[in-house]
Structure formats: C-alpha cells, structure tokens
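S.K.: For reference, the chains in residue letters:
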Amino acid sequence: MSSPLDKPQIISHFQKSLNYTVFDSKWIPCSAKFVCLGNYARGTGVMQIYEVQQGEAQLIKEQEFPKPIKCGTFGATSLQQRHLATGDFGGNLNIWNLEVSGTPVFSVKAHKEIINSIDGVGGLGIGDGAPEIVTGSRDGTVKVWDTRQKDSPVANMEPGEGETKRDCWTVALGHAFNDQDRCVCAGYDNGDIKLFDLRNMSLRWETNIKNGVCCVEFDRKDINMNKLVATSLEGKFHVFDMRTQHPTKGFSSVSEKAHKSTIWQVKHLPQNRDIFMTAGGAGNLHLWKYEYPSQRSKTDSDDLAVGVAGSVTLLQNATLSTQPIASLDWSPDKKGLCVCSGFDQTVRVLIVTKLSQV
Amino acid sequence: MSRTEASFPPHHRAPPQDCRVPVEHLDYDYIGKCKDVKYLEKICTVLRSGDEGIYPHLIMFCEDHLEKLDPRSLALRKEKPVSTAACLPNDEWSQIADELKKWQEETKASETSMKQQSMFDALVFENMPPIRGSNCSVPLCQTSVQKEKRTLSKHTLPRDYREWDKFDVEKEFEKIDRNLDKPDAPAIINQGHPKIKTKVDASLLTQQEKLLLANREKEKGNEAFRAKGYEEAVAYYSRSLSIQPAVAAYNNRAQAQIHLQSWHNAMRDCERVLELEPGNMKALLRRGTVNNHMGNFQMAVEDLRVVLREEPQNAAATKLLLEIEKKMKERQPEQRSRGKTILIQEIEEEDDNDKTRAKETEKGNTHGPLGNVTYYAQPVGGEESSAAPAERGDMGNTQKKPHSRGDGGPHSEPNNSHHGHRRGKGASAEKYRVTQESKEKVANGSGKRGSTASDPADPSSRKEPPVGGNAGETVNLDAPCGALPPPLSRLKNEGNLLFKNGQFSDALEKYSQAIQRFTDSGMNSPEDLCILYSNRAACYLKDGNCQECIQDCTRALELQPFSLKPLLRRATAYDSLERYRKAYVDYKTVLQIDISVQAANDSVNRITRQLIEEDGPEWREKLPEIPLVPLSAQQHRREGPPSAELLQARAEKAARDAERKAEVRFTAVKQEGNDFVKKGQYQDALGKYTECLKLKPEECAVYTNRALCYLKLERFTEAKQDCDAALKVDPTNKKAFYRRALANRGLKDYMACSSDLQEVLQQDPNVQEAEKELEEVMVLLRQSLANVSPAQPRTTVPITEVAGDEETPGAAQSESSRGEEPINLQLTNAYEYGQALNAARCSGSTAACAALLASTPPERLPHFLSTQLDGNTISFIMQALDSHLLEKDPHLVYQHLHHLHTAHRFSVVLMLLEKDERRHMTQLFEHLSAVQSAEFTKNDVQNLANKYI
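So the sequences go chain by chain: A and B.
Here numbering that gives the first Met the number 0 is used: position 132 in the first sequence is 131, and no number is missing along the way.
Here numbering that gives the first Met the number 0 is used: position 732 in the second sequence is 731, and no number is missing along the way.
Hints in this document: simulated from the structure, not taken from any laboratory.
Be aware that a few hints might be false.
[Unchecked claim] Calculated lysine-lysine pairs in the DSSO-like style (CA-CA distance at most 27 Å, straight line):
no., chain 1, residue 1, chain 2, residue 2
1, B, K587, B, K621
2, A, K108, A, K66
3, B, K37, A, K256
4, B, K100, A, K334
[To be verified] Here are some chain B residues the structure puts well away from chain A; computed CB gaps all over 10 Å:
no., residue
5, D50
6, K318
7, P560
8, A724
9, C841
10, H919
Where is the CB? At the ideal position from N, CA and C, for every residue including glycine.
This is chain A alone, in the form it adopts within the complex (with noise of 0.2 Å):
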C-alpha cells in the first residue's frame, strides 16, 4: 500500500434525494434493488423499493404505513421468499412479502415502545437452526421470535423486578454455526453490553464500556463466534475477540478513536470478515481493517486462558454530508457495492474498490 491509488477507495456511484427521513436501507438478496425505510414529516411510515439502473436509482415500489419504520432485516427469510421484516415506531413486528403490497404475512405487537433494532438469523443460508428473528426496544427488553409461533417470542431477555429498564439500542444474532448455539447481542443507553446464550438461556457475559452502545455486530453469524464489534455515542469503537472467554476477564478486545462524533453503524464486508465500515455522526465513513495477533490467546498466571486482541488499520475514509449516517448496509451479492443513508434525507449508493486486495 504504497501509493494513494492502492488503497481501497471509497467511490460515490449515485444519491437520492428523498422527502423523508431515512432510517434504515437494506439490499435486497440476489438482486440489485435495495429497500428505505423511514417516516414522513407527517408521522407516517414508508417503505421504498429501489432499483440500481444505468447509475440511477429508479424507485419501483412505494407503500405508506400508520408507523414510522425504524429498522429492517432480511435475515431470517429463504432466498426465495425475500419476506423484509420491520421494527416500527409502535413497537410492531411486521413481516412483509415484498411483491405483494397489504396486509403483512406475519405481525405482532413485540414491544411496548419504538423498536430500535432488528436482527435475523438462519434465514438465506446464513447459520443453522431455526431462522429467527431478534428485536431490541427502548422498553428494555430484548425478545426473541420465531414466525412459525404467532404471537409470543421464543425468547424474551427483560430487566428483573425493581430493576431500571436501561433503552435497547443495539441488537445482534451471531454464533450460529450449529443447530443448537447462538447467542444475542445487545447494547444499551447506558454503555452496557449482553450476551445471551440461546442455547443455555442464561447471560453469558456483559461488559460495560462506558457511553451508549449505538450498535453492535458479529463479523459473521454463521460461525462459531470469532469477532463483535460494538461502537459508542462518543465515538470509539471496540472490537472484541470472542473465540477465548476468560472466566472473569472476558472477552479480550481493543478500542479506537475513530470518529469525532457518534459512530452509528458498523457493517462487516460479507464477503470478508475481517474487514468493516463504521459511519459517523459528521457523515463520514471509515472503512477498517481487522490483522490478528500472531497468538490469540495466552494463558494468564492461573492458567486460564485469555485472549489476546489484534490491531486495526484504517483503510479509507470518506466525508458524505454533514448529518449523521444512520443506516449502512453491504450488498451480500456484489462485493464493495454498499447502500447508507443519512438524516439528510438522501440515499446514497457507494462503490468500495480493491477490497480484494487488502
């Protein structure tokens, strides 16, 4: 990486103006389309559907909902289904079939309050076991849904009597790499980070670190868990090495300064893990790269394992606006073609290149 040119860059293909506030775009699997989801200023919600066209975006679908939309996740549906399922503002859980418009095939009332986050797993052949689906809400609580029962979660993680109901920001299925293991992430207001074990449905470990948990991802779902990065209201983000648990240490981990605001979303390359893009709260994008240590884990004066965290590297960065980027999302089929959008009410979708070559 010695000249500027060899280094991965990160390349504005297009944007879209939108009349509405974007919280969240996805792409949609196997294709070249990708879904917004947000509100409009008269408190309505709104899902599109775009088509990536000759360097344009070309909407193709446009549906209005009585609740603004927070968040959307394909995760938990097959490759030919390609049902979206959506958190909105009232604490539904809806799952829609996006060639026909109406009535979802799947709704539930999942929480009292917004739900903040959404995360599926199990569905498009990514991790086995049963394809399900995890939201996180500002009611504390963190539940855990199968489509095949209709109106109570698999799971639900709650705060215990008495105990103050901290704001769900985060939420994150990783660990699947088998019919019976998976874990939940979760991260609140309050810097706390959880991870649930579904398998034993016990808390497996928590840390806290420090300022609010804005989001919290495994570098892959469907392998036994190697990597979760969670960033911060303050802009730092730590990266945990989640393969050596040490009985009180946990998981061993490194932070960086990366932003000087909010990082809001942190999303791994699919087609590499080791690689991610964290967004920024003054717009910015910083794309990263993961090198492990030589060893991953030493044994500490007990004799008892501890992991040992590797470096991260800055690759690229890139200023888009000045609001926040709120929404990041990897198309999984197409490697470097990212789609995020920002409180400034555009859509934006971004060529990363040479990212096989890091």
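Fit chain B to the supplied structure of chain A, relying on the hints for placement.
M.R.: Just chain B, lined up with the frame of chain A:
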C-alpha cells in the same frame, strides 16, 4: 429518536490552554528535530487551526515528519471528501462500471429465474429445527451469585480477639471449599473445538443457491485460514465441497491439511484437483510439498520440476526443490536426515482458478499472514518415514511417466502407443511375439522409470529419436514391420533411420514412397498406414511444414481414431500455427487418452492462459467441441472408484458439455447452410437450415435464412411461413419483413407486400432495395387494382437484394473479391449478375462475358438483365456471343437471342442503339444464319433477326 442529541460535537476545538505551543516552535528546524509525537501532533493542530497564520508548506513538512515517526498517528487522519468516478483513472472506472452493469444484468436474470422456480416451502419447513422452548425469560443480571459473594466477603475478617476466638477454621475451610466448587461466573464457556458439521444438506436447493452457499462456505474457510484456524478452515472447505465440489475448495483444503500436517488427506485433495484440472500449478506444488513430507522425494521433485517449467520464477517451488535435492543427497550416504521444510501457503480468493493464478504471486507478496513461504521447523519424523513406503505403493498409479513420451519422433514398431489393436489381425507369429515382448517391457519399465528417467527437464530425453529404446533394431533395415510386406517395411525402416539421423526431408521421401506403394497395393491394414502417415507428419513437423503435418495427422486419425502420436503432432502443428483453439482441443483429447503426457499438460496450461488473454473469461465457449475418448482408448487411468463428489462434478461437467455440443453442432450446421447459400445451392442450404431448426426452434436468423432459400427456389408460400415464424420470435426483424414482402409479391399479394415494405422502411428508411421494390410494387398494385392485366405477364419475379448481411457472412467477402476473379459463375440474382456483367464490360473481356452467358440459363437472361439493359450492354453481349460462343454452341446463342428480346425495356433500348452497335448485331445474325443446326432453321433466325433489326 433518542440518540440525535449527542451527535453534533463542536466542529473546531481550540488547542488546550494549559500547554500552548510557543510560536518559536512553529519552525522547520524545531519540527525537524522534534521526536515527541504527542507534541508534534499539537504543533500540527495549531498550524492547521490557522491561529498563528497559514503556512501550507510548514503544515506539509510537519505532517511528513509526523508520519515518519508514527504512521498511525491520529493527527494524520484527515477528513476526505468522498471520491467520485472522476477521481479514478478513466480505464479503471470504466472497468468498474462495466462490471457493475454486468452484475446488474446477471442478477436481474437470475432473479427472474429464481422467481419462476417452484418453491419447496413445505419441505423446507419440515426440515427446520423445532421452535425453541416457548417464551423463556432470561434475567438481565447474574444476580444471585454476585449477591452471595458480597455477603460472604463481609464476614471474612474478624475484627477483634473475641471474634478470632469464635473463628472456626474447619468451618472456614469448608466454606472456601464450597466456594471453589461454585465457579464465580455462571458463563458456560465452550472450550476446545466446537463441532462444526462438515456436511450440508443441499438437496433442496436450486443450482443458484448451491453456488452461492458453496462460495460462502469457501469464503468462511479462507477467513478461518487467514486467522490460522486451520481445523475450522478444513471444516468449512468440506462444507463447501459437500454442497458443490470445486477445484479451488479442494486446493485450499489441501493447503489447510498441510498446515495440520495430515499429509494423506492433503494428498487426496491434491489428487482430486489434478483429476478435475490436470496441470493445476498450485495442486502440483502442494503435492510436491506433501510428497516431500512423506519422504517421496522423487515424486516431489517431479511435481516441482513441472511447476518450475511453467513458472520459472516461482520462488516457493525453487526453494523447496533445492531443499529436497539437498535432502536427497544427504540421504544417499545416511538414510535419514532431518531438515527444515517449507510450507507453501496461498489461498484463493475466487473460484475462478485461472484468473487468480496470474494475480497470485503479487498477492502472496503483499499479504502479511499469507506470505508465500514460511519456514516451518518440522521434523520429518520416523512416523512419516515409515508410512512412506506404503504410501508410495499406491502412489504408483498416479505417478507421472517420464516425459520422453510427450513428443517423441515417429512410431517405432514395438513402442507403439495403442496396444491391443494389432492383436489377432492375421499378422505373422513373429510380429506378434515382438509386440508382446515390448508390452511386457513397458509394463515392467513403468515402475522403474519413475526412479531412473525422472528428470523431465532433461532435453535429451525429450528429443528422443523415433526408434529410441531399440537402437540395435535400426541396423536391420529389413526388420518386419507390422503387416507390411518386406519392401515396404524396408522403406519404412529406412525412413526411421533417416529421421533419427536428422535427415528429415529424405525420411519424408521414404515415407511418401511407402505410402504410395501401400495405397497402390490396396492392402487392408489401416494401422500400418496410420503409422506411416503419422511418421510422415513427424517429418513435416520437423521441416516446419505445419499444414502438411496437419493433413497427414488428420488422415492418420481417420484411419485410427484416438491414436496418441498423430493427435499430439497435430496439436503441436496447430500450436505453432497459432491456432490455439484447435491445438487446445487436440491436447485435451491427448490428455483424455493418457493423462501423463507431460508435453500435453504443459501446452494445455500455456494455451489456456493464451486463450484467456485473447477471449477473456468466456474463452471456453469459443472452443470447438472436445471429442469424448472411449474408455477402451484411455490409458493410464486412475484405479479405484471416484468419490461421490467427483462423480457429481463429472456429471455436471457432462451436462455442460452436452449443452455446448448442441450449440456447436447448431453453429456448424448453420454455417454449412450459409456456405450453400453462397454457392447458390439453395436446396441443400434448405436442408441444413431445417436441421438447424430441429436443434433450436427459436432461432430467428435461421428462419429468415431459410426464407431466403425458399424465395430463391420460388416457393413463396413456405417462405412466407418462415418469415411469419421469424417475426413471431423477433417481431421487429427487418429482414423477415423484407423477405415476406418478396414472398407476398411472388404470391401476387401486392397489398401485403407493400405493407411489409413500408414496415421495413419505417424501421430503417435507408434500405434502398425496399424503396425501389416498393415503387415497383405500388405500380403493380395499381395495375392489379385497375384490373388491367399486363400485356405480357412477367414470367419471373425479380428478387434483388444485397447479400452480405450478418447471417451470411461470407457473401460480402465473395463480392468484394470478385474484382480480381474473372467471374463468379454461379450468380443468383439480377444484382450480382449485373455486377459481374459490368465487371466484364469494364475490362473489355468478351471472353468473360461469354463464360457468363454460357453459364446462364437462357430463359433467366431477360430477368437478370432487366435492370441493366442499355445499348452498350446489348452490343457487348452480341460481341461476346459472336466472337466466343457461336462456334462452340450456336444453339445456346440462338436460345439467348430468343429470350433476350423479351427483356423489360428491350424495345426502347433497341431504338436508341447506335450504328456501331447495330453493326455488331447484324454481324451476329449473319454468322448465326450461316450456321447449320438441327435445333433451329434459317427461318427461325430470320424471324428472330426481324425482332432485333
């Protein structure tokens, strides 16, 4: 939104008050000497803030210096605007844009195909794991344990003596013990290696999904490999392979197995790769490594030599080879030696192996953890060594044969590569014995050869003369040769000897004589003739006469399909003529017969790269079909049943081949059809096109082509039907419209004709033929509407059309070359005819014109001339008839004259004839009347003359 409030920090932060940077420090000297990174960062911030004035050069200097000290410094991170397409070099961007566009099209296509596929939802649901135990509540805190711990700690230390007295040591110990039993963290830590299933049930998935999944599993394997989780990597590669076997995944798994030092598994994977793709460099290199570790140095050396011949700059191979050679030397005096061994790690990013190979070297260098070569102090333990002999035993099957086999000279009798043909063909007992012996020799030799003649790079072994092993035999020129009679075998042996001595042209002569006599004698022994041809081909090849060589080889192969040497020679000849596709096919066929022919392996690799360069990733589609070699002709096959995965891979390959074969056959038949059209053999072309349509009923171009044939054959109804069919496939096909118009005209349906022509003109107003045709048709239409039948009904419908459209690509060429050729005698329409006639007239060659007229059926002449008729032409034709044809065939002249006057506009032209031209005509009639003939009388001539003069 709860998070928004915290997201806007102040934009510019003033440098901290407490440690101001003095102005003196903002200086080149000071900055240059400063080693304190923190302080430099501060200086940088001050400079950038512009509070002390703006000094762009100083800022740059400061940044450079800081970068030298700490390249990762946060102060160096600058906000960059997002790049746009304009920031990239033009070609790079266009490449990206192209790729993107291709991807869009591909995904669109695959998306629609996916939608059409039936869904197995019910089945999928059945296979799903059950729903989790319903609505389990998980507490957010590990409350109970922590609380207990706290209460315990409160009581541990006694505060005064009284408490000490009460302190019960036993009890405390018990407590501690109990505490130890209970771990403080309730976390369930799965240590050791969790089980990853190595099989994926992909039976319900579509092909597309399989590919996607297999790729993803492979990527996971690659990632695990990079993180040095080799066992995990092997598991994921196995998963990928269980979904869909692929070369890259096998190859990568082999590498991971090498790291795990499970040599046998690695070997198996390498073998599989080489079976699927012979000559895969990485697999060879890895097999070399494995062989080295298993103690099979000889085989390792062979593999590495092959690699080095293809990629001489391959550092890993060179190093390993040196190691092994050293080891082998050490081994000779003392049996065991232990040294460093090398592991070669390379991992493929993409599944397209050929593509990666080019990139590989550079990639290997830039990759930190994936560096090309790592030294790996690993004793080749006694265990491995002891296992080696057994392994070597079964390795024998796949072991490479020495390379002299590759491109030797002509067949010498006993070393013939196609055994078995000759047996029981009524040959002499003596001959039979000879063959038998030699076969035994080969059988025994193959084991030995591996160790003795193992140096493939040795040039002498490659240029081995034809009669190599049995030099003694060459002295005896009368040694019997197959079923050849003594004089012929003598000729052949002489040829062999001459060839061996390098007198190729003399050898050539001998072989030619032998062939001549052989054919004269009318013997029935195709094997021997095949050998003779093959040997002569070798001479041609040596002489550099590749064309002849190819011809001889082809003849030899007609006599004996799938004989190794002629195939190999033809391949070499094609190769040197740079006809790589054909060469590739021949080499591939050779490899099907005998996979161990090194020359073929090498050339295939070389040509593959060449073709990829020429044709891009779709190069395989442009190949002619590779013939399938029957099992009986295959030699040196691997024993043992292939694995299920391999079978699957083969089945898929066969399916693809079949598809391609159909495609190839289709194009071939179509081409034949086009050729017939060019030659004017419409009836034959018709047959070909019909065959084409049987293969592919949806091909628009074939319909229009067949329509043209029907038109030429004046079968208008069928022509119209074909045009209709073409328009059904492609509703905007201009050509189909035009030809339907012509067919309609032929059917006298002028209304439909004109509407079709208008359609053509609407699509492309520049089609002059259509315009002209339309004018004519409008006239005809008006006439027919007025119900006035023309005085003289037109006998034929002129079909004028510019040939040389994309469907009949050769036509344009033949037209352009007509200028040099005297005349193309098989002309089919008025336009071509007119062109030919004009050409003849321009050159003033009445002979050419006469030839033209001789080949023209007299009754078609007026039709051909209809557009061209003027005084000059008539007089020119008269001269030609008079001077050339009259003597040879007066009847033809009469017939021509008999029909000529019926031509369109003839009477008008006649009136305008000049004196000279009239004179030519009178002369002709005079001469004609002087001729005595049975077919016409003087009276007839006189009557005819009245019409002209």
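S.K.: Are all beta-carbon distances from P560 (chain B) to chain A longer than 10 Å?
M.R.: Since the minimum Cβ distance to chain A is about 45 Å, P560 (chain B) lies beyond 10 Å and the statement holds.
S.K.: With a cut-off of 27 Å on the C-alpha distance, tell me whether K37 (chain B) and K256 (chain A) pass.
M.R.: holds, 16 Å
S.K.: A cut-off of 10 Å on Cβ-Cβ distance, and D50 (chain B) was said to be off the interface with chain A. Does that hold?
M.R.: Check passes; 19 Å lies beyond 10 Å.
S.K.: For the pair supplied as a hint, K108 (chain A) and K66 (chain A), is the alpha-carbon distance within the 27 Å limit?
M.R.: holds, 12 Å
S.K.: K318 (chain B): least C-beta distance to chain A exceeds 10 Å?
M.R.: holds, 23 Å
S.K.: Please confirm whether H919 (chain B) is truly not at the interface, meaning its C-beta sits more than 10 Å away from all C-beta atoms of chain A.
M.R.: holds, 67 Å
S.K.: Run the distance test for K100 (chain B) versus K334 (chain A): straight-line Cα separation, threshold 27 Å.
M.R.: Holds. K100 (chain B) to K334 (chain A) sits at ~14 Å (cutoff 27 Å).
S.K.: Are the Cα atoms of K587 (chain B) and K621 (chain B) separated by 27 Å or less?
M.R.: holds, 15 Å
S.K.: Is the nearest CB of chain A more than 10 Å from the CB of A724 (chain B)?
M.R.: holds, 33 Å
S.K.: Would you assess whether C841 (chain B), listed as outside the interface, keeps its beta-carbon beyond 10 Å of every beta-carbon in chain A?
M.R.: Consistent with the label, C841 (chain B) stays out of reach of chain A, its closest Cβ about 52 Å off (over 10 Å).
Checked against the numbered hints above, the structure breaks none of them.
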